[in-house]
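Chemist: Each chain is listed here by its residues.
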Amino acid sequence: MKLQVMTANRLSDGAVVYLDGEGRWTERLAEAQVTLDPETQSALERRAEAAVRGQEVVGAYLFQVDSSSGTPEPIGQREIIRAGGPSAGTDLTPSSLRI
Amino acid sequence: MYRYDEFDQAFVRQRVDEFREQVGRRLSGELSEEEFKPLRLMNGLYLQLHAYMLRVAIPYGTLSSTQLRKLAHIARTYDRGYGHFTTRQNIQYNWPKLADVPAILDELAEVEMHAIQTSGNCIRNTTSDPYAGVAADEIEDPRVYAEIIRQWSTLHPEFSFLPRKFKVAITGSPHDRAAIKVHDIGLRMLRNEAGEPGFEVVVGGGQGRTPVVGETIRAFLPKNDLLSYLEAILRVYNLLGRRDNLYKARIKILVKQTGVEEFTRLVEEEWQAIRQGWELELPDSEIERISRYFAPPSYGEAEPIDFGFVTAQRKHPEFARWARCNTFAHRQPGYTIAVISLKPEGGIPGDATAEQMEVVADLADKYGFGEIRVTHEQNLVLPDVRKAELLAVWEALEAAGLAVPNLGLITDMIACPGLDYCNLANARSIPVAQRIGQRFNDRALVEELGPITLNISGCINACGHHHVANIGILGVDKKGKEFYQITLGGRADEAAAIGEIVGPAFSYEDVVDAVETIVTTYRGQRQSGEAFLDTYQRVGIQPFKEKLYGTR
Amino acid sequence: MALVKHGEVIADPWARIENDTLPLGRPLLLTLEEWQRLAGSLRHWDQPLGLILTGAEPLDQLRDSLGHFQLIALAFPKFTDGRAYSQARLLRKRYGFTGELRAIGNVLQDQFLQMHRCGFDSYEVADETAAQAWIAATSRYLGFYQPSERGTFRGARAALDPQVFVAPEQPAAAAWAY
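Protein chains in written order, with this note's numbering: chain A, 1 to 99; chain B, 1 to 552; chain C, 1 to 178.
Just so you know, not all the hints are guaranteed correct.
Restricting the straight-line Cα-Cα distance to at most 27 Å, the calculated cross-link-like pairs of lysine-lysine (DSS-like) are [stated by the list, open to error]:
#	chain 1	residue 1	chain 2	residue 2
1	C	78	B	165
2	B	545	A	2
3	B	37	B	248
4	B	545	B	478
5	B	165	B	37
6	C	93	C	5
7	B	248	B	97
8	C	5	C	78
9	B	315	B	165
10	B	97	B	223
11	B	223	B	315
12	B	248	B	478
13	B	37	B	97
14	C	78	B	256
15	C	93	C	78
16	A	2	B	478
17	B	479	B	545
18	B	165	C	93
19	B	248	C	78
20	B	165	B	97
21	B	315	B	248
22	C	93	B	37
23	C	93	B	223
24	B	366	B	478
25	B	547	B	481
26	B	481	B	545
27	A	2	B	223
It is worth saying that the hints were derived from the structure and are not from the lab.
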């Protein structure tokens with residue numbers, strides 16, 4: 001069995017969001033609902049589909065996480081970067097390197 | 001440079017209105033994402049990993065200072081204070097909100113810019129030589145024809161749903177600085193036996209999953225036939241290009257599968273048929289009308305030898321290095337083409353902050369004719385600097401952190417946004433570029449290594465042009481981990497070649513060491529005066545393999 | 001399904017062969033396969049004939065048959081499949097087809113303008129609101145950069161711009177002026 005989290009991008013600004021236990025979309029992976037249970041996963045999929053139809057989010061899918069540290073952590077590099085933001089970017093450049 | 005007349009202005013405004021209405025229908029739910037996606041892509045709007053991304057066209061890489069200031073204003077107002085100059089003479093904003101995009105397009109229209117056809121399966125922004133109009137070795141200014149192609153291809157009713165994207169590049173010089181042989185159509189200006197200028201037509205080049213150097217299907221095309229010939233190629237492709245497999249849909253696959261002779265026959269047959277009845281002849285009057293926009297500025301009195309310039313180089317060794325590395329021969333005596341590298345050691349290739357854009361716009365006004373060029377190598381160009389004023393330009397650039405003396409050197413890397421931003425990427429590009437920049441941070445050593453192109457792509461789509469780099473780096477995903485495959489010996493110029501894979505991929509941790517090993521191997525093997533590519537062509541891939549993987 | 005023509009929803013007079021039965025007394029729309037099979041027996045058919053093309057047919061081989069048809073329906077299997085745009089222009093320009101050109105299949109309002117400019121006259125769409133969208137789509141732009149089957153061409157604006165790009169004929173000027 002795999003621990004799964006539901007994610008998507010928000011329609012209005014494309015931000016990475018996750019479904020929490022209350023059926024709300026949150027930008028924080030730590031707040032996402034993590035589940036092993038196939039029925040709960042199906043329920044997440046149904047909720048996500050409704051949110052896609054309701055112009056709330058785009059491109060929803062389940063992905064695998066590791067919860068052994070107590071908080072969900074993505075396994076693949078792509079989800080690590082989606083969760084944490086770009087690992088490098090001009091907006092993140094230390095001010096010493098800015099003009 | 002080209003200026004919109006009232007027709008162009010009205011047209012771009014109408015396009016913004018159309019897109020504003022489409023965004024409204026998406027937000028109201030009238031359009032599904034599946035229906036909206038091709039519409040937004042046709043206006044350069046992607047949905048990336050963390051946000052939307054808007055790609056704005058910089059047609060054939062020419063900008064005015066007013067336009068560059070507007071790009072800075074957009075970065076500050078609608079984004080996070082910076083923009084990313086791409087590998088195809090566009091600029092990308094990484095963080096716009098969907099509802100803001102029509103307003104951004106309105107702002108762009110104010111300065112005669114747009115995002116039309118910067119994505120989608122249509123004819124994309126036509127790219128050209130960034131030194132067009134000022135290069136000493138030029139036959140004719142290719143921007144005249146790039147602008148004519150821009151107009152002809154904009155909202156072309158027949159070619160907006162091609163099997164796949166379609167890229168055209170054009171160069172006006174024998175030395176190709178526009179990578180025309182790795183485009184769907186490459187046009188190279190040349191003269192026929194009678195001395196008339198025209199085009200060599202190269203078709204079916206491209207990078208991506210199946211890298212191909214294009215084939216010449218017509219050795220000489222008269223200028224007046226440019227549009228009818230392009231239309232013939234596009235029609236053959238639109239009707240016969242594969243639509244069953246995304247990876248086999250580019251024109252290069254059609255050319256391969258049909259055979260270049262048969263493909264050429266089909267195009268020539270279609271062209272003859274078009275010429276018999278359609279109104280696509282490009283008259284001299286129109287070429288002259290567009291040419292007037294690109295007339296050279298009045299350069300004034302020439303200064304044959306500027307002793308101030310010579311003295312300044314003696315006094316400031318860093319200025320001298322920058323002047324050696326980052327300038328290019330201008331057609332006008334006393335002037336030079338100054339390239340502003342956007343590749344500071346440890347920086348992000350192609351990124352510029354709003355403040356940096358404004359510094360460059362001010363310099364273009366003060367020390368030029370208010371014009372800036374954007375290169376597909378992700379640098380900016382001041383095309384008309386008096387040699388006598390080059391020191392002042394350098395000082396201003398130095399103060400803004402923009403005087404990096406590395407044009408064409410190993411740290412002048414092309415890099416796509418990679419997995420830090422891009423939805424298609426398999427691995428990061430930017431941090432690899434940053435680490436290579438940090439490793440090669442000795443400017444004297446970098447200059448001593450001589451010309452080396454090093455390009456990085458975060459996936460096989462090859463936006464980072466890795467196939468045509470002397471040292472190419474391709475990011476791949478192995479079970480969720482980033483690995484990097486290295487190719488050697490590629491080049492993008494008139495002798496375009498696809499690089500050869502050197503061996504198994506390197507991990508994220510090891511890839512920079514591998515680059516250093518390649519460089520060390522080259523230094524050990526090279527003979528006096530040899531550039532990296534000369535040495536590689538002489539000794540072959542074997543010595544590099546041995547140093548990288550041991551003698552097995 | 002609704003049929004939009006000239007910005008109005010109209011009843012579709014055209015009928016297909018169903019259960020091997022010809023729709024007597026009505027205009028008949030045929031697939032290419034049906035036409036090739038039945039051409040001989042339709043010699044005395046007294047109603048208009050129409051032909052459905054799907055994008056892959058080499059038009060030059062149909063050249064001699066085109067005179068039989070008052071309508072040609074060009075299919076968009078997916079709205080992203082753009083072959084029918086080229087077919088429409090070839091039918092109009094090269095093969096001189098003057099009958100009705102109809103867009104069928106995955107026909108969406110955001111492509112109306114391109115279809116119109118390539119010479120289409122009628123559109124089989126999912127719902128009737130598309131008629132209004134057709135009017136909006138075909139009246140938004142005042143002109144275009146390419147000469148095409150319909151729509152004002154930049155080069156024709158001699159009054160605005162004395163340096164005329166080319167002096168095109170305006171074959172479809174009347175059709176544009178809806």
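Chemist: Starting from the hint list further up, note which numbers the structure goes against and sort them upward.
Modeler: When the structure is compared with the hints, numbers 2, 7, 9, 10, 11, 21, 22, 24 and 27 turn out to be violated.
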